[in-house]
Amino acid sequence: DVKVTQSSRYLVKRTGEKVFLECVQDMDHENMFWYRQDPGLGLRLIYFSYDVKMKEKGDIPEGYSVSREKKERFSLILESASTNQTSMYLCASSFQGFTEAFFGQGTRLTVV
Amino acid sequence: AQSVAQPEDQVNVAEGNPLTVKCTYSVSGNPYLFWYVQYPNRGLQFLLKYITGDNLVKGSYGFEAEFNKSQTSFHLKKPSALVSDSALYFCAVYYGQNFVFGPGTRLSVLP
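Line order of the protein sequences matches chains A and B. Just so we're aligned: the first sequence equals residues 1 to 112 in our numbering. Just so we're aligned: the second sequence equals residues 1 to 111 in our numbering.
Since the hints were derived computationally from the structure, they do not count as laboratory data. Wrong hints could be hidden among the right ones.
Distance ranges between label pairs, derived from CB positions [to be verified]:
#, chain 1, residue 1, chain 2, residue 2, range
1, B, Ala1, A, Thr5, 18 to 24 Å
2, B, Pro40, A, Lys3, 19 to 25 Å
3, B, Thr72, A, Glu62, 26 to 32 Å
Which residues of chain B face chain A? A partial, calculated answer using Cβ under 8 Å [as the list claims (entries may be wrong)]:
#, residue
4, Arg42
5, Leu44
6, Gly102
7, Thr105
By construction, the Cβ of each residue, glycine as well, lies at the ideal position given by its N, Cα and C atoms.
Build the full structure now, drawing on both the sequences and the hints.
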């Protein structure tokens, strides 16, 4: 079974903190994604990566950065957390091409 | 821009009845369409996809979806709903190496 593992299920951080969300996949997938999920808005793409050290901005990259130093790991960084970044964050991975993505269990981040 | 619409926020259906969750899309070029399901406090799980070929696609857990190019729709269906099908369902289109998701439809199957 494909496994996409996110480092935390729940996180509470203070405004202004630097926050790291980690994601690891074990299927040698080329593509990795970070989405945020908010009620009524569905999933919105923050960043994706199609190869090591490569990254592409998604629809809502402001306030976020990413790092992909190894193929299996994709990190999302909130440079200075703000309350409007309180959300569910979902990591996913897939092979390149028209194949399905596999999702982690999500990290519910609350910024206070 | 590519987009996916799910016109119903909520669908209620009685157990044993057929269910339909609607999806329409807007995409330039050929559409590559997916359905995912999300159970409470979980990530999304893949149900089925349409890439090419037969317009009726069968997937996991007895779900199927019908691709209609003229109506730009990809509705999810199941002949007989189960209470355990209650979840949040997302339609998505694959474009430019990533997925564009609809806003989701909450399905409630009532015993």
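Hints and how they fare:
no., hint, verdict
1, Ala1/B to Thr5/A: 18 to 24 Å, "violated (32 Å)"
2, Pro40/B to Lys3/A: 19 to 25 Å, "holds (20 Å)"
3, Thr72/B to Glu62/A: 26 to 32 Å, "holds (31 Å)"
4, Arg42, "holds (6 Å)"
5, Leu44, "holds (4 Å)"
6, Gly102, "holds (6 Å)"
7, Thr105, "violated (10 Å)"
Going through the hint list in order, the structure does not satisfy hints 1, 7.
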